[in-house]
Amino acid sequence: MEIAVIMNVLEILLYIVLGGLALWFKTNSKINNAVNGLIAKAEEEFTGFKQGNEKFQAVVNWLYELVPAFLKPFFPKKFVEALIQNAFEQSAAYAKQQLDKIVDKTVKTDDKSIE
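When we follow our numbering, the leftmost residue of the sequence shown carries the number 1, and every step to the right adds one.
The set of hints was computed from the structure by calculation and includes no laboratory data.
Quantities reported herein were computed from a predicted structural model and do not represent experimental measurements.
Heads up, some of the hints might be wrong.
As the list claims (entries may be wrong) - No farther apart than 30 angstroms at their CA atoms in a straight line, the calculated lysine-lysine pairs in the DSS-like style are these:
(1) K41 with K101
(2) K108 with K96
(3) K30 with K101
(4) K55 with K30
(5) K72 with K30
(6) K55 with K41
(7) K96 with K26
(8) K96 with K72
(9) K105 with K72
(10) K72 with K108
(11) K72 with K26
(12) K108 with K26
(13) K55 with K108
(14) K30 with K108
(15) K105 with K26
(16) K55 with K101
(17) K77 with K30
(18) K26 with K55
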């Protein structure tokens with residue numbers, strides 16, 4: 001094979017990989033947004049303490065209903081549960097990070113006012 005043919009094949013493979021990655025990131029972002037929206041919906045509908053499992057199961061069921069029937073064998077409920085748990089953990093980590101920033105800013109402001 002000539003080097004030009006090999007380079008063309010590698011270029012095409014690179015485009016396919018990059019296109020696949022772009023599609024994956026776009027889809028992943030949409031799924032996370034949908035999950036976060038469903039989590040917010042569950043927070044509104046289920047009020048009170050000790051209802052975390054009920055909220056979680058409601059979100060799992062709502063999201064699983066969105067999966068087309070022909071894809072359900074490839075995406076079982078356990079997969080949806082893991083997806084939701086991951087989205088929740090990411091949201092919780094982000095919220096903690098933002099809260100830490102606010103606390104740090106408040107502490108610095110209080111320290112300056114004491115001086």
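Hint by hint, where does the structure go against what was stated? Just the numbers, ascending. 8, 9, 10, 12, 13, 14, 15
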